[in-house]
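Q: Given only the sequences and the hints, what does the whole structure look like? Please build it.
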Amino acid sequence: MDGYGSPQRGFGRRQVGKLKRMAAWKRYALGAWLPVLLMAAWQWMATHDVVDPLFFPPPSALLAAGGKMLASGELAGHVRATLTRALGGFLAGGVTGLAFGLVMGASSRLRASTEPMLSALFATPKLSLFPMLLLLLGVGDAAKIALIALSTFILVAFHALDAVLNINTAYVEMAANYGAGHAALLRYVYLPACLPQVFTGLRLALSRAVVSAISVELISAQDGLGSLIWLSWQTLATDRLYVAVTATATLGMLLHMLVRRLESRLLPWKDRNARS
Amino acid sequence: MRLKCTNLSVRFSGQSGEVEALRNLSLQAGSGEFLSIVGPSGCGKTTLLRTLAGAVPSQAGRVERIPCPEDRNALALLVFQENSLFPWMSVLENAAFGLRMQGVARAEREERARALLRRFGFAGRERVYPRELSLGMKQRVAVIRCFLSNPSAMLMDEPFAALDYQNRLGLHRELLELWEQDHKTVVFVTHDVEEAIVLSDRIVVLSPQPGTVVAEFRVPFGRPRDPAVALEEEFLVLKRRIWTAMGHRREDSAAARWGN
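Top line first, the protein sequences correspond to chains S and B.
Every letter in the first sequence is one number past the one before it in my numbering, and letter 226, counting from 1, is 588.
Every letter in the second sequence is one number past the one before it in my numbering, and letter 45, counting from 1, is 46.
Mixed in with the good hints there might be a few duds.
To be verified - Restraint-style ranges between C-beta atoms, simulated for each label pair:
1) E234/B - L628/S: 53 to 63 Å
2) Q167/B - R471/S: 45 to 55 Å
3) R12/B - P630/S: 37 to 47 Å
4) L628/S - D183/B: 35 to 45 Å
5) L553/S - N25/B: 52 to 62 Å
6) A56/B - R471/S: 24 to 34 Å
7) R627/S - A216/B: 50 to 60 Å
8) S626/S - F13/B: 39 to 49 Å
9) R63/B - L553/S: 29 to 39 Å
10) L553/S - A116/B: 26 to 36 Å
What the hints assert, rightly or not - Simulated crosslink set (SDA-like; lysine to any residue; CA at most 20 Å straight-line):
11) K388/S - S135/B
12) K632/S - E83/B
13) K632/S - E133/B
14) K632/S - R132/B
15) K632/S - S91/B
16) K632/S - G62/B
17) K632/S - E127/B
18) K632/S - P88/B
19) K5/B - G62/B
20) K632/S - R126/B
21) K632/S - K5/B
Honestly, the hints are just simulated from the structure, not real lab data.
Glycine residues also receive a C-beta, built at the ideal position from the N, C-alpha and C atoms.
A: Given below as structure tokens:
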């Protein structure tokens, strides 16, 4: 009987394996020490007049301001507004992008006639299209959500397209050899083979959706974290400004971790050591 | 099932122009026969198997899969050398895939798959995914899946070529054990002459590209057969004859070639 492990494990793989086996508290501690150290340095510099506390209020002041904004429900309101826009755009763009990308992968004619345009769109900063969307959809939330949906759409569509094009035909042939018809091929081969890369696309698109929501709120919105940042900047309320930035970063991190969790739940067969 | 091809020619266009894989090839595998096909790399062995399975079109000649009364179905199943398992299915799901395609109910197919898996060392590892298996274990599952479907013929494409010696011996023994149950028709492609002799009833030697039949040998050892036949004098005699038919001579050794 032979061993179960794979024959070769490079140094890098061993390192990743180590990280996986590490106790949870240890992993969190390793992820936290650098930000904590930076905060401590900031605190010291702000209280010892190395930096101007008007521009860079110490973290202790930020904590106080953040606590106040949390207690009054102000922060939650902004987070809710941003999340609503981001998720709305993500859903609309994600669903259509996924469908479009899959169909594009299946039909070379559709691919040939849409890929150049999509690449052009991919390379364009989506924010530059915002004025046009405003003209089309008016100044309400519709234009903002459309912009977010557009960024999501392109990312998801490209990843879905790639996923279809990269399906290993050996698996298709194998299933067909066992008598799999069209429906069975779709269910047991095409779909599961596509899923990992589709998931990568969705994960990137979700982050992009939040980024787009914030950017568009910076330009034009009455609520949301982006508008909070911009308003705080204009009134030089630097403590509120940094609270908003921190909240944005935290939101992005939490969403990323959530999707990662979901991914390992739904794709247990994927080798996460070999990041492909 | 009898497998027969007559004057078969296969060409396909690769990246470097047209490739003639097989030329005017005729051979037959009788019902219940274990036939091995040996030949140098790139002699179209894989193409021949895939043509027999119906996965590759031929330009000339005929391929026939002739059913026999004892056949339960029309399956001629391929076993590949690599990517032989679906990475997104557990060992159990992979093993039971053929039964699933035949419409066998879940409880029954899992029970049958579990029974065979247990026999070949997978007890307690049925829920594991292929990425956690060694190559030898993967090929075991692939063979088990194939046998569970009870095909009328098995087309095996160098299934054990990438394994180390120990593993290969183990798998030869297991394959023979399974095959002895009902003597399915097998066409087994390999470049390993010893493997061919240990396993088969008859051996066909193909020429380098484009592949065509250059010689044919009957294996004199009885059944059921133990891989230890490889230690007998007669084995070596046969091996030498096949070796010669494949175009190797003793003078071909590196020492002789560099010597003059």
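Q: With reference to the structure, classify each hint as holding or not holding.
A: Hints and how they fare:
Distance hint for E234/B and L628/S: a CB-CB separation of about 59 Å, consistent with the stated range 53 to 63 Å. Hint check: Q167/B to R471/S, Cβ distance near 52 Å, so the stated range 45 to 55 Å holds. As the Cβ distance of R12/B to P630/S is approximately 43 Å, the hint placing it in 37 to 47 Å holds. Here the CB-CB span from L628/S to D183/B is close to 40 Å, well matched to the stated 35 to 45 Å.
Range check, L553/S to N25/B: about 42 Å between beta-carbon atoms, so the 52 to 62 Å window is missed. Between A56/B and R471/S the beta carbons are some 26 Å apart, a value that agrees with the proposed interval 24 to 34 Å. A hinted range of 50 to 60 Å for the beta carbons of R627/S and A216/B is consistent with their spacing of about 57 Å. Look at S626/S against F13/B: about 41 Å separates their beta carbons, and that is inside 39 to 49 Å.
The hint said 29 to 39 Å for the Cβ distance between R63/B and L553/S, and at roughly 37 Å that hint holds. Range check, L553/S to A116/B: about 29 Å between beta-carbon atoms, so the 26 to 36 Å window is met. Under the criterion of a C-alpha separation no larger than 20 Å, the hint pairing K388/S with S135/B is inconsistent with the structure, at around 31 Å. For the hint linking K632/S to E83/B, the alpha-carbon distance of about 18 Å falls within 20 Å, and the restraint holds.
This hinted pair checks out: K632/S and E133/B have alpha carbons roughly 10 Å apart, not beyond 20 Å. The suggested pairing of K632/S with R132/B holds, with an alpha-carbon distance near 8 Å, which does not exceed 20 Å. Only pairs whose Cα atoms come within 20 Å are accepted, and K632/S paired with S91/B is accepted, the gap being roughly 11 Å. Our distance criterion of 20 Å between C-alpha atoms is broken by K632/S and G62/B, whose separation comes to about 44 Å.
For a cut-off of 20 Å, the pair hint linking K632/S to E127/B stands: about 17 Å separates their Cα positions. Distance restraint check for K632/S and P88/B: the Cα-Cα separation of roughly 8 Å lies within the 20 Å cut-off, and the hinted pair is therefore satisfied. Taking the CA atoms of K5/B and G62/B, the gap is about 11 Å. The hint holds against a cut of 20 Å. As the CA atoms of K632/S and R126/B are separated by approximately 17 Å, the hinted pair is consistent with the 20 Å bound.
A C-alpha spacing of about 41 Å is found between K632/S and K5/B, which places the hinted pair above 20 Å, so the restraint is violated.
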